[in-house]
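Enquirer: This is what each chain is made of:
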Amino acid sequence: MAEVHIIGQILKAVDFDEPHLYCKWSLQSGNAWRLVQGELQGQTHVSSHRLQNSSDFAQPLDIHLCTAAIQGWPRLLVEVYAVNVLQQCWPVGYGFAHMPSTPGAHRLEINTWKIAPNSWWQSIKERFGGGGTALHKTDLLYSGVERYKLLTRSSGKIIVELSLIFRKFEEYGVEFK
Amino acid sequence: MYEGEETGYQDNENGNKESPKQKQRKTRRTPSVQKVNDPGVRAPASYFTLCITGQIVSATFPLGPDKDYIFCRYELVAGPDWQLASGPQHGITQMATIKSGHFNDKIVFNMPIEVSYKSTSPFGWPQIIVSVYGQNGLGSESLLGYARVHTPVFGSRRQDEPTSSLSETPILMPKCPNMIADITSWLLRRQPELKDPKILLDNTQCKGLSMESYGTLEFQLNTVMRGARKLGYNWHA
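If you read the protein sequences in the order shown, they are chains A and B. By the UniProt record's numbering, the letter at position 5 of the first sequence is numbered 5, and the numbering carries on one by one without gaps. By the UniProt record's numbering, the letter at position 105 of the second sequence is numbered 105, and the numbering carries on one by one without gaps.
It is possible that some hints are incorrect.
Claimed, not checked - Computed from the model, here is a short list of chain B residues facing chain A with C-beta under 10 Å:
1. Thr204
2. Ser213
3. Arg226
Simulated from the structure, these hints should not be mistaken for lab results. Backbone N, C-alpha and C define an ideal beta-carbon position, used for all residues, glycine too.
Please model the complete structure; the sequences and the hints are all you need to start from.
Expert: So this is what it looks like as structure tokens:
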């Protein structure tokens, strides 16, 4: 079976409005992909910067997958949550990115979006009451099926640095050039 | 030798209940094991070696560090398949200061890191975790933060990248979990420290931790690898 190693880090979150953020990430792939070693999901620590408006996570990713088919290429889903002084947390960004399809060092910038408030009451709740609305089913993140029902607003960016190592793909006829 | 291997398996089975069919399956596998043990056949190397060279270049604090004298302690951490072949796994740098210079200057350590590892799989790629400590005059040392970086997977940072050849990592300082801990730490002038900085390398243990980032630590690292292509790894496009 062909193998893929994903080694890298979720580096930081930039351009978000809120200072204290943490990120929940998960790696999803099709049915033919199996996890050999590593974790498929995780949560970073809450981070803020003393001077700038960014949050540094520097959370390492080390995942070893093996696959029997090219379908279902893995993708990284991120959900960014903000925390306030009262320890309440609410989502401020959803995003996903597919893993790059060539070996080497890559730098992914995942642009995220959040749900826009529908009425004035919701926008006041978003500002003062500990957050606006969240997604009920998170499979809307990666599927495009029911996206037309959503009203969203853009949010910040998550920067991920990855190095991909492939193994035995040439034996199965997959070429990278 | 065939008989010897059979009895070897039977000794292991004392504690387990095994059906006679499974026992048959095990003995059928022994002929292939016998071939590799034959001294005439040369067994292929199943591990690759990774040689990491580089240095902790400097630490930069945008508004100056909180303390006068800074030093770092670094440690190299790798997965279970990795074996340290040579070099020190941890070290402590010298005590550096910028007291007589501009407060914004970078604090140069120039601390060499030279290790080599042997491994069978890229999982658990070695990482360097650095704890930065500071000291005011002859006072006690307190923590200024932690930084971690993966050793480069593809040689070193490529020359055609717009950024410099240094890899800059943020220095993260843990914050107090509640207000009482905050007041105590201000009274005693001691920063909170993590009991084991290696939880920053583990995805499952970071939940609930609160950190503040201030400052960057610059590394310049190169790696040389040997034997990975023979194992089928596609290292470059």
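Enquirer: Confirm or reject each hint.
Expert: Quick rundown of the hints versus the structure:
The closest approach between the C-beta of threonine 204 of chain B and any C-beta of chain A is roughly 6 Å, which is under the 10 Å cut-off, so the hint is satisfied. Nearest Cβ of chain A to the Cβ of serine 213 of chain B: about 4 Å, under the 10 Å cut. The hint holds. Evaluation of the arginine 226 of chain B hint against chain A yields a violated restraint, the C-beta minimum of about 15 Å exceeding 10 Å.
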